[in-house]
Structures are given as C-alpha cells and as structure tokens.
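Q: As a plain string of letters, each chain reads:
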Amino acid sequence: MSELELVPKYPREKQTMINVNGDEAIAYAVKQSYVDVVAAYPITPQTIIVEKFSEFVANGETHTEFVAVESEHSAMSACVGAAASGARAFTATSSQGLALMVEVLYIASGLRLPMVLAVVNRALSAPINIHNDHSDAYLMRDAGWIMLFAENVQEAYDTTIQAFKISEHPDVQLPASVHIDGFFLSHTLENIYTLPDEAVYDFLGGPRKIAKVRVDYFDEEVNYALDPARPLSIGNLALYDYYFEIKVPQVLSMRKAEEVIKEVNEEWYKLTGRKYGNGLVDPFMVEDADIVIIAMGSSAGTVRSVVKKYREKGVKVGLLRIRSFRPFPHKDIVELLSGSKLVAVMDKGIGPGQYGALYLDVAASLYHSKSKPILVDYVYGLGGRDLSPEMVEQMINNLLKDLEKGYILEEERLRFLGVRG
Amino acid sequence: MIEVRWHSRGGQGGWTASNLTAMAASYEGKYVQSFPAFGPERSGAPILAFTRISDEPIELHSMIYNPDIVVVLDYTLLSPGIVSGLKPGGTIITNFAGDVNQVLKTLNVKTGDYKLVLIPASKLALEILKSKITNTAMLAGLVKCGVVKFESVEKSIRERFSGPVAEKNILLVKKALEESIEV
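Those protein sequences? They're chains H and Z, same order as listed. Heads up: the first sequence begins at 2 in this note's numbering, then just goes up one per residue. Heads up: the second sequence begins at 630 in this note's numbering, then just goes up one per residue.
In short, the hints are calculated from the structure, not lab data. Idealized CB from N, CA, C, for every residue including glycine. Please note that the accuracy of each hint is not assured.
What the hints assert, rightly or not - Facing chain H, according to a computed beta carbon distance under 7 Å, are these residues of chain Z, among others:
no.: 1; residue: Thr-645
no.: 2; residue: Phe-667
no.: 3; residue: Tyr-694
no.: 4; residue: Asn-695
no.: 5; residue: Ser-713
no.: 6; residue: Leu-715
no.: 7; residue: Gln-731
no.: 8; residue: Ile-799
Said to hold, decoys possible - Straight-line Cα separation of at most 27 Å, BS3-like style, residue types lysine-lysine; simulated pairs:
no.: 9; chain 1: Z; residue 1: Lys-752; chain 2: H; residue 2: Lys-32
no.: 10; chain 1: Z; residue 1: Lys-759; chain 2: Z; residue 2: Lys-734
no.: 11; chain 1: H; residue 1: Lys-213; chain 2: H; residue 2: Lys-248
no.: 12; chain 1: H; residue 1: Lys-314; chain 2: H; residue 2: Lys-15
no.: 13; chain 1: H; residue 1: Lys-310; chain 2: Z; residue 2: Lys-759
no.: 14; chain 1: H; residue 1: Lys-10; chain 2: H; residue 2: Lys-248
no.: 15; chain 1: H; residue 1: Lys-371; chain 2: H; residue 2: Lys-402
no.: 16; chain 1: H; residue 1: Lys-53; chain 2: Z; residue 2: Lys-784
no.: 17; chain 1: H; residue 1: Lys-317; chain 2: H; residue 2: Lys-402
no.: 18; chain 1: Z; residue 1: Lys-716; chain 2: H; residue 2: Lys-309
no.: 19; chain 1: H; residue 1: Lys-271; chain 2: H; residue 2: Lys-248
no.: 20; chain 1: Z; residue 1: Lys-716; chain 2: Z; residue 2: Lys-759
no.: 21; chain 1: Z; residue 1: Lys-761; chain 2: Z; residue 2: Lys-778
no.: 22; chain 1: Z; residue 1: Lys-734; chain 2: Z; residue 2: Lys-797
no.: 23; chain 1: H; residue 1: Lys-314; chain 2: Z; residue 2: Lys-716
no.: 24; chain 1: Z; residue 1: Lys-739; chain 2: H; residue 2: Lys-15
no.: 25; chain 1: H; residue 1: Lys-314; chain 2: H; residue 2: Lys-332
no.: 26; chain 1: Z; residue 1: Lys-778; chain 2: Z; residue 2: Lys-759
no.: 27; chain 1: Z; residue 1: Lys-784; chain 2: H; residue 2: Lys-15
no.: 28; chain 1: H; residue 1: Lys-332; chain 2: H; residue 2: Lys-342
no.: 29; chain 1: H; residue 1: Lys-248; chain 2: H; residue 2: Lys-317
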C-alpha cells in the first residue's frame with residue numbers, strides 16, 4: 002500500500018481535538034500511558050506538566066501514585082526505585098532541576114531502568130534565566146538516555162507516548178527523555194489530536210512488561226525487578242572486574258534503539274496517520290540541496306517556513322531536523338547529506354572552548370561522508386532569544402555568500418546569530 | 630495565515646482572550662497557536678499575547694513581528710507603538726468609547742491607513758460583568774472582522790468558563806458586537 006492510500010486505524014475523525022499547551026499535552030499523554038508512579042519536585046523550575054498531572058490524580062482520573070519530593074535529585078531517585086520494582090515511572094523537570102538530577106540520570110541508565118522524563122528545555126544559570134535554550138539538554142547528552150526532541154505540541158503528545166514504548170522495548174531497556182522548548186512549546190497553546198485512552202493502552206501493550214534476566218541462583222529466567230518472593234540485588238558494586246562489561250551493553254542497546262525508534266514511528270503512523278520523518282531525522286528538501294540547515298526542536302519549524310520561501314525563489318536549500326539526539330543518527334546524516342555542499346548546524350547551546358554539541362556530532366558523521374561539505378556552526382537563541390524568520394533569512398543569505406566563496410576560515414566557523422555587539 | 634497581537638495589562642486577560650480566539654478558530658477546523666510574550670507577568674504592566682490562525686499546520690514558532698490585526702484591551706495603552714510592525718492596511722481593534730479622531734491622533738495615523746474597529750468594552754463590561762475585565766468583549770472585534778464566527782466564540786467561552794459567568798460573557802460579546810463601530 003502506498004503512503005497515500007494508508008488509512009490509519011484512528012483517522013482524524015476518530016481522534017479528539019483538544020486545545021492545550023505543550024506542558025498540558027505531555028501531562029495528558031502521561032495520564033493515558035498508564036503510568037504507575039510520578040515523582041516530581043513541584044516548585045520552580047518545575048513546569049505545568051506535573052501541576053496538571055497532579056490534578057488528574059486528585060480527580061481520581063488515574064491510578065498513578067503521585068510522590069511530591071523535596072528535590073529533583075530525589076524525584077529521579079524515586080523514579081529509579083519505582084522502575085526497579087517494575088513500575089512504569091515518569092517525572093518532569095527543567096534547567097537547574099535537570100542539573101541537580103544529572104547524578105541520578107546516570108544511575109537510571111546504568112541500572113537499565115525504563116522510564117520517561119519530560120525536559121522543558123531552558124537555559125542554565127548564570128545569569129539567572131527562565132527561558133528556552135538547549136544547554137540543560139546538552140548537559141545530559143552522555144547520561145545514557147534516549148533523547149527525543151519535539152517540534153510542536155502535537156509531537157510533544159505523540160512522542161511522550163512513544164517514549165514509553167521505546168524505553169520499555171526488550172531490545173532497549175533504557176530510560177528516555179522527551180524534550181520540548183520552554184515557552185515556545187511549553188506555554189504555547191495549539192490544537193492537537195489525541196487518541197482514545199484504550200488506543201494508547203493497547204499501543205503500549207498495557208502496563209509495563211518487566212524484562213527477564215538470568216541469574217546464578219535461579220534455574221529459570223526471572224523478572225529484572227525488586228521482588229521479595231525472588232530477591233535480587235540491583236545496583237551492586239562493579240569495579241574493574243565487571244564495570245566495563247556492564248557499560249558496553251548500554252552502547253549496544255542504544256544502537257538497537259535506533260531501529261526501535263523507527264519502528265515505533267511507523268507503528269504510530271499506522272495508528273494515527275502521523276509520523277516524523279523516519280523517527281530519528283525529519284528531512285525537508287535535502288535531496289538536491291546545496292545548503293542544508295540542521296536544527297532541533299521548535300526552531301526547526303521556523304527554519305522550514307523560511308526554507309520554503311527560498312525554494313520558491315529557486316534557492317537549493319533544505320532542512321534536516323534532528324528528532325533523536327541520542328541515539329544520534331550518524332548513518333542518516335551521512336546518507337542524507339551526501340550531495341550537499343554546505344551544512345549549517347544550529348546550536349541552541351554553548352560550550353565555551355568548543356563548538357556546540359550538535360555541531361560536534363554532525364562533524365563526526367560527516368567526516369565519513371564522501372562529499373565532505375563545508376561545515377559551520379550557528380549558535381542562536383540563548384536564554385530564550387527569539388529566532389525570527391528574518392534572522393533565518395540573514396543566515397541563509399550569509400551561507401549563500403560562503404557557498405559562492407567555496408570555503409569558511411577556521412576562525413569563522415563558530416558564528417552567533419542574533420547577538421548584539 | 631492570520632496573525633493577531635494583543636496589547637493589555639497584566640491581569641486584564643489578554644492571553645486568555647488570545648486563547649479563546651484560538652480555541653474558537655480551532656472549532657472551525659483551523660490550525661491555531663496562542664502564546665504570551667514570555668516572561669514573569671506583573672499585574673498592571675503592559676503585556677503582549679499572540680494568536681496565529683491558519684488553514685495549514687503552523688510551523689512558525691517565533692514571536693509575531695508583522696501582525697494582520699492588533700487588539701488593544703486597555704485604551705490607556707494606545708500610542709504610536711501599537712501599530713509597530715502592523716501590516717499596511719491591517720486592522721486595529723481597540724477598546725474605546727469616544728471620538729475616533731482622538732484614536733487616530735493618539736496612534737499618529739491617518740484615516741484609511743488601517744481598518745479601525747472601536748468597541749466600548751470598558752462601559753459594557755461594567756454594565757454586564759460589573760467589572761473592568763474587557764478581554765471577552767474584545768473578542769467581538771475578531772467576529773466583526775470575520776476572523777471567527779460568533780458561535781465559535783460562544784463555544785470557546787463555554788469551554789473556558791461555566792454557569793452564569795459564561796452566559797454573562799457571551800451576552801457581553803453579543804452587546805459588544807452590536808455596539809462596535811468599524812471605521
């Protein structure tokens with residue numbers, strides 16, 4: 002069947018349209034995802050996600066145990082405990098809260114505990130700031146979590162449900178984070194289409210299925226969960242004798258997650274009629290593009306709308322939106338950018354002494370490409386600075402000059418878009 | 630795509646009005662977006678809110694720089710800055726009960742530069758709601774301009790408020806629509 006002929010199981014008329022902001026969309030998705038435990042720190046920098054979710058709990062609309070804790074460090078610790086006992090767990094945080102949570106993020110992934118964390122991406126202090134950029138997300142990039150970035154409120158809803166499925170997949174068994182841009186998505190109302198509760202329940206296969214493990218002292222495989230009837234230790238000491246052997250499978254499972262993210266994206270398409278590229282990347286007119294812009298999150302939409310304008314004028318420019326930051330889609334990038342001459346990476350975060358994190362990952366991919374396009378890093382939007390369509394136009398106009406020139410000097414490869422002085 | 634910029638003061642419900650407009654348009658099958666000028670809101674301080682309404686999915690996630698329509702909930706906010714970025718021939722919907730020439734003078738614009746819709750929102754809100762909250766009354770301006778239908782606004786108000794509060798606000802929009810003047 003061709004894509005045009007596909008009739009989703011739940012076409013739009015069988016879905017319910019709701020008007021919600023990004024935070025509310027995630028809270029609603031979590032409510033539908035049959036989550037057993039939500040542990041969250043309820044005060045700044047917390048967002049409306051857990052406030053809205055706690056209303057569902059108070060109204061008796063969900064069976065979830067809501068644990069209000071005293072810090073984000075404890076929120077993630079409670080989720081680790083819940084997931085280790087076999088529960089489906091969720092928490093949400095932002096900026097400084099995520100920074101405080103980082104220590105325990107490594108524990109969740111190292112213990113191979115599926116769970117979902119919503120991150121409303123916001124800048125890190127100092128200076129104190131409450132607005133959007135990706136510096137908090139960049140802080141957790143090596144924590145062993147699957148990291149998915151949504152472009153709009155609809156995708157925030159869709160990705161949250163998908164994240165549970167990806168995280169709990171038997172080949173993956175890794176925690177997953179869903180990222181939405183602070184304010185640009187978290188506080189923006191959009192109308193989205195939602196599935197009936199039972200459709201989400203079926204999509205996730207009901208409650209969380211616990212992975213089986215083989216241990217020395219039981220004959221058969223047992224649940225990888227804390228259970229007094231079959232005592233296990235989770236989180237043991239592993240020194241140079243075993244630590245390495247436990248860390249490498251995290252890498253291998255992350256690779257498998259690439260396929261699972263793609264499968265889940267297709268499955269979601271058959272269910273709802275919505276999909277996001279191949280799940281990992283969402284390309285727009287890159288096939289014949291001389292210039293490709295790479296972006297993540299809500300800005301990708303703004304860039305795409307400008308790219309369309311330039312295409313109408315005959316300028317060969319395209320957009321490659323990265324949806325999965327971890328696992329990073331190296332293969333797709335090499336394939337999709339094989340014909341490009343100039344690639345501009347848009348980084349909404351800064352790494353003093355180095356290029357932006359996204360640029361480094363793209364550079365690692367492109368080293369192995371035959372075409373070896375010219376590569377340039379545009380740092381933009383720090384601390385919530387708006388990315389206007391005019392700024393994107395200014396960037397493309399500069400890129401066209403670079404393309405004509407045919408090279409970019411080393412000292413010009415890190416650029417700042419929309420900064421004064 | 631229609632882009633609307635709302636001018637109000639913290640506490641007057643500018644963002645709520647933007648949300649209600651977006652919701653109303655969504656009932657008509659449109660794609661919508663509504664957001665405030667982000668930041669801590671202080672009661673009484675001038676704030677902005679934005680609405681996008683489109684037949685196609687909305688990709689833009691930036692502020693609105695060149696609105697088609699500006700709506701002013703509080704006439705003390707009227708100043709030349711209100712028309713900043715407004716598209717040529719765009720629409721200004723303002724809460725105002727006096728002489729139109731006074732508005733033109735305050736905005737420093739000429740007749741015909743922009744379409745102007747005047748709504749005596751403060752007067753009507755005091756009569757019907759017994760309060761100075763003008764956000765729902767100003768929705769009449771969007772109905773007047775054909776951006777959303779009255780029935781859709783009615784539905785969005787019922788969705789957001791309940792009981793007598795909803796009914797009073799619907800009555801307010803109806804009255805505001807009757808008493809609005811297009812110049």
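Q: Which of the stated hints cannot be reconciled with the structure, identified by number in ascending sequence?
A: Violated hints: 1, 4, 5, 6, 7, 8, 9, 10, 12, 13, 14, 19, 20, 22, 24, 25 and 29; rest satisfied.
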